[in-house]
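Based on the sequences and whatever the hints tell you, model everything.
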Amino acid sequence: MTRRKAVRKPRSTLTPWLLLIVFFVAELLVFSWCRVQYVQTGYDIDQVKQERRQLIALHHELQVEEARLRSPERIRRLAQKRGLVMPDSSHVVVLP
Amino acid sequence: MKDYRKKKPDATKWIRFRIVVVATILTLCFGVIIGRAVQLQVLEQSELSERAAGEYKKAFHNMPRRGTIYDQNYAELAVSIDVSSICAYPKRISSPKQTTSLLARALNLKQGPILKKLSSDKGFVWIKRHAKPNQVSAVRKLKLDGVDFVTESRRFYPMKTLAAQVIGFCGTDGKGLEGLEYYYDPFLSGQESRWTVFKDALGRSFDVEAVALPEIKDGCNVILTIDKNIQHIAEQALSETVETFSAESGVAVVMVPETGAVLAIAHVPRFNPNTFGQYEPWVRRNRAITDSFEPGSTFKIFLAAAALESGLCTPDSRFECEEGRYKIGNNVVHDVHAYGALSLRDILKYSSNIGATKIGEKIGSAYFCDKIRAFGFGTRTGVDCPGESPGSVLPHEHWSDMDAMAICFGQGISMSALQLAVAVCATANDGVLMKPYLVQAMTDRQGRLVKSFRPTRLRRVISIETARILARMLERVVAKGGTGLKAAVRGYRVAGKTGTAQKVDPEARGYARNKHTAVFAGFVPARDPAVVILVVIDEPKKHHYGGVVAAPVFRQIAQESLQYLKIPPELATPQEETGGSVRASVEATWTG
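These protein sequence lines are chains A and B, in that order. All residue numbers for the first sequence refer to the working numbering, where the first residue is 1 and numbers rise by one. All residue numbers for the second sequence refer to the working numbering, where the first residue is 1 and numbers rise by one.
The set of hints was computed from the structure by calculation and includes no laboratory data. A few of these clues could be false.
Unchecked claim - BS3-like cross-link-like pairs, simulated, lysine-lysine; straight-line CA separation at most 30 Å:
| no. | chain 1 | residue 1 | chain 2 | residue 2 |
| --- | --- | --- | --- | --- |
| 1 | B | K566 | B | K451 |
| 2 | A | K49 | B | K175 |
| 3 | B | K480 | B | K362 |
| 4 | B | K97 | B | K116 |
| 5 | A | K49 | B | K143 |
| 6 | B | K327 | B | K371 |
| 7 | A | K49 | B | K199 |
| 8 | B | K128 | A | K49 |
| 9 | B | K160 | B | K371 |
| 10 | B | K116 | B | K128 |
| 11 | A | K81 | B | K566 |
| 12 | B | K141 | B | K91 |
| 13 | B | K110 | B | K91 |
| 14 | B | K110 | B | K97 |
| 15 | B | K132 | A | K49 |
| 16 | B | K97 | B | K143 |
| 17 | B | K122 | B | K160 |
| 18 | B | K141 | A | K49 |
| 19 | B | K57 | B | K141 |
| 20 | B | K199 | B | K160 |
| 21 | B | K217 | A | K49 |
| 22 | B | K117 | B | K175 |
| 23 | A | K49 | B | K57 |
| 24 | B | K160 | B | K217 |
| 25 | B | K451 | B | K435 |
| 26 | B | K480 | B | K542 |
| 27 | B | K116 | B | K132 |
| 28 | B | K57 | B | K199 |
| 29 | B | K160 | A | K81 |
| 30 | B | K110 | B | K57 |
Structural data, given as structure tokens:
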């Protein structure tokens with residue numbers, strides 16, 4: 001009986017290289033994706049900040065409008081149009 | 001071989017020559033490249049770095065928000081809002097004429113000035129500061145190269161004319177120019193800040209730098225002692241009277257005697273600080289503080305106070321009033337009505353000049369002058385407002401006989417309306433003089449207290465007894481037969497004094513015959529004063545007496561202010577009070 005000599009196939013050197021390349025490509029893609037997300041988030045933050053600034057400005061404008069509408073001169077004018085008068089002391093009822 | 005040997009040196013030479021030529025060219029090329037590299041990387045490095053940074057960095061310049069000015073109930077009197085200004089970069093504009101034409105049409109401006117700006121060598125020019133929203137959107141739609149928009153802060157006064165002379169106004173650059181805006185400018189205007197963000201090729205900025213932004217230090221908010229409703233009441237009443245009597249102008253001051261807080265300073269004519277450029281400087285000035293006038297008979301309050309305080313007179317001390325004509329040297333003092341002997345309280349009630357002169361003679365110039373100065377006349381009150389006038393009080397050593405006589409009834413002495421109001425406050429405040437103030441607190445943007453101002457007691461001027469006796473005497477001025485009857489307020493006791501002063505004519509170097517100042521100063525309720533009100537009407541026509549012109553303004557302001565302040569009427573019916581001077585006051589109250 002002849003003993004068969006085990007013939008070892010030469011191990012391919014391609015696989016580790018392929019794995020390394022895939023790893024690097026994947027890393028590159030992940031890095032790029034992160035970078036894109038990073039920049040996109042930067043845009044989003046900037047946009048939200050801009051919106052915030054606009055809303056604050058609008059809030060101020062509305063405050064001014066409210067103050068203008070509450071001006072005593074305007075209220076007196078409106079009251080006079082509706083026939084209202086300033087009460088005098090005879091209209092005052094002092095509760096005990 | 002010979003031929004070869006002969007040819008070889010020539011070929012070698014040629015090859016060497018070519019090598020040298022190529023090497024030289026390459027060396028030169030490399031030299032140029034290296035030279036250029038040195039130039040770019042070493043010599044011009046900083047400039048080029050800056051230029052590169054300019055391409056991808058965007059600088060933000062944040063102007064701090066100017067603090068808001070509130071009334072005592074936190075109603076906004078002056079606020080800052082964001083507005084867009086239109087600017088241009090002339091070097092980036094390829095066709096200035098076309099751009100000018102489009103801009104002029106959109107902004108409704110003349111072409112000349114715009115073209116001049118766009119054709120200039122400047123890097124940056126303003127086209128329209130604080131443009132209206134419709135103008136901004138019209139220019140935005142044009143999408144012009146080299147035209148940009150800058151967000152700026154603009155001061156806005158939502159109550160328009162209300163307390164305009166007190167608050168003042170700001171210029172285009174946001175700096176306070178007059179009034180409290182000027183006085184408190186260091187507190188109202190904060191500290192500006194700058195920061196940088198990156199931008200991409202499309203000019204979009206993105207905030208990726210994890211660098212903390214510089215803290216924006218906005219200006220402090222200022223909370224006044226002014227009450228917008230009382231201010232409006234005073235302005236309304238004053239405005240109606242100035243119109244009725246065709247007066248030149250008018251001033252009214254409302255104060256809390258106990259604290260010295262100013263509730264209102266009203267001026268007529270009024271002005272709108274949103275468009276301050278349209279008004280003359282004298283209209284924009286806080287005349288209640290900057291201008292002085294002769295107080296006329298209202299000054300008898302302080303003469304009476306000095307007389308009582310000296311111990312030489314009592315309310316019943318009698319003085320002969322010479323039937324309306326009293327000659328001292330070459331000068332003659334007149335009364336409006338002829339009186340015989342009058343008591344001190346009646347001299348005040350009927351406002352007798354002759355009686356006042358005789359009181360002055362009795363207490364002496366030196367004592368009277370000291371008391372005048374103790375009341376704060378001749379010195380600034382120290383109110384937190386710019387341009388305060390100290391008024392004019394000569395040292396008694398310089399008083400002539402004429403001066404000594406005239407000062408007793410409020411001529412030959414001048415004061416600001418605020419000074420007079422503060423002195424009346426001392427009378428109403430049991431003789432204690434308080435420092436007037438207009439700002440009660442300052443807060444930061446979040447509303448946290450930064451600084452508060454408390455009432456400041458200056459000094460005691462007269463005793464409590466004198467002050468209270470004086471108040472009773474002043475109640476009689478507003479009673480039946482008194483000169484200030486028209487100041488009576490239904491349901492309340494009123495103490496006050498009328499004044500009518502001739503104005504000085506600078507051309508004639510004397511008093512003008514037809515120019516008067518009508519004044520009324522008083523406080524209400526007389527026995528527990530809540531407010532001191534001073535009214536000054538300048539050059540009224542038709543009538544000129546303080547009791548006719550100024551007293552009704554006092555009544556209107558007092559009546560409406562007391563309702564607003566929820567101070568209940570103290571006199572329920574006329575029958576509840578009987579006897580003495582109180583009865584007279586009550587009658588007047590119900591007839592007034």
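Structure-based check of all given hints:
1. Under the criterion of a C-alpha separation no larger than 30 Å, the hint pairing K566 of chain B with K451 of chain B is consistent with the structure, at around 29 Å.
2. A hinted pair counts as satisfied when its Cα atoms are at most 30 Å apart, and K49 of chain A with K175 of chain B qualifies at roughly 28 Å.
3. Proximity of K480 of chain B to K362 of chain B is assessed by CA-CA distance (about 29 Å); at most 30 Å being required, the pair is judged to hold.
4. For the hint linking K97 of chain B to K116 of chain B, the alpha-carbon distance of about 10 Å falls within 30 Å, and the restraint holds.
5. Our distance criterion of 30 Å between C-alpha atoms is met by K49 of chain A and K143 of chain B, whose separation comes to about 24 Å.
6. A distance of roughly 26 Å separates the Cα atoms of K327 of chain B and K371 of chain B; the hinted pair therefore holds under the 30 Å criterion.
7. As the CA atoms of K49 of chain A and K199 of chain B are separated by approximately 15 Å, the hinted pair is consistent with the 30 Å bound.
8. The straight-line distance between the Cα atoms of K128 of chain B and K49 of chain A is roughly 27 Å, inside the 30 Å bound, and the hint therefore holds.
9. The straight-line distance between the Cα atoms of K160 of chain B and K371 of chain B is roughly 41 Å, outside the 30 Å bound, and the hint therefore fails.
10. About 14 Å separates the Cα atoms of K116 of chain B and K128 of chain B, which keeps this hinted pair within 30 Å; it holds.
11. Distance check on the hinted pair: K81 of chain A and K566 of chain B sit about 25 Å apart at the alpha-carbon level, within 30 Å; holds.
12. At most 30 Å may separate the alpha-carbon atoms for a hinted pair to count; K141 of chain B and K91 of chain B meet this at roughly 21 Å.
13. With a C-alpha separation of about 21 Å, the suggested pairing of K110 of chain B with K91 of chain B holds against the 30 Å cut-off.
14. Between the alpha carbons of K110 of chain B and K97 of chain B the distance comes to roughly 13 Å, so the proposed pair stays at or under 30 Å and holds.
15. Of the pairs offered as hints, the one joining K132 of chain B and K49 of chain A holds, with about 24 Å between alpha carbons and a cut-off of 30 Å not exceeded.
16. Among the hinted pairs, K97 of chain B with K143 of chain B is consistent with the structure: their alpha-carbon atoms are about 16 Å apart, no more than 30 Å.
17. Taken as a hint, the K122 of chain B and K160 of chain B pair is broken in the structure, with Cα atoms around 37 Å apart against an allowance of 30 Å.
18. A hinted pair counts as satisfied when its Cα atoms are at most 30 Å apart, and K141 of chain B with K49 of chain A qualifies at roughly 24 Å.
19. Among the hinted pairs, K57 of chain B with K141 of chain B is consistent with the structure: their alpha-carbon atoms are about 26 Å apart, no more than 30 Å.
20. For the given pair, K199 of chain B sits about 42 Å from K160 of chain B by alpha-carbon distance, which is inconsistent with the 30 Å threshold.
21. Under the criterion of a C-alpha separation no larger than 30 Å, the hint pairing K217 of chain B with K49 of chain A is consistent with the structure, at around 18 Å.
22. Distance restraint check for K117 of chain B and K175 of chain B: the Cα-Cα separation of roughly 25 Å lies within the 30 Å cut-off, and the hinted pair is therefore satisfied.
23. With a C-alpha separation of about 18 Å, the suggested pairing of K49 of chain A with K57 of chain B holds against the 30 Å cut-off.
24. Among the hinted pairs, K160 of chain B with K217 of chain B is consistent with the structure: their alpha-carbon atoms are about 28 Å apart, no more than 30 Å.
25. Distance hint between K451 of chain B and K435 of chain B is fulfilled; the C-alpha atoms sit about 18 Å from each other, no more than 30 Å.
26. Between K480 of chain B and K542 of chain B the CA atoms are separated by roughly 24 Å; this keeps the pair inside 30 Å, and the hint holds.
27. This hinted pair checks out: K116 of chain B and K132 of chain B have alpha carbons roughly 23 Å apart, not beyond 30 Å.
28. For a cut-off of 30 Å, the pair hint linking K57 of chain B to K199 of chain B stands: about 6 Å separates their Cα positions.
29. This hinted pair checks out: K160 of chain B and K81 of chain A have alpha carbons roughly 21 Å apart, not beyond 30 Å.
30. Between K110 of chain B and K57 of chain B the alpha-carbon distance is near 36 Å, which puts this suggested pair outside the 30 Å criterion.
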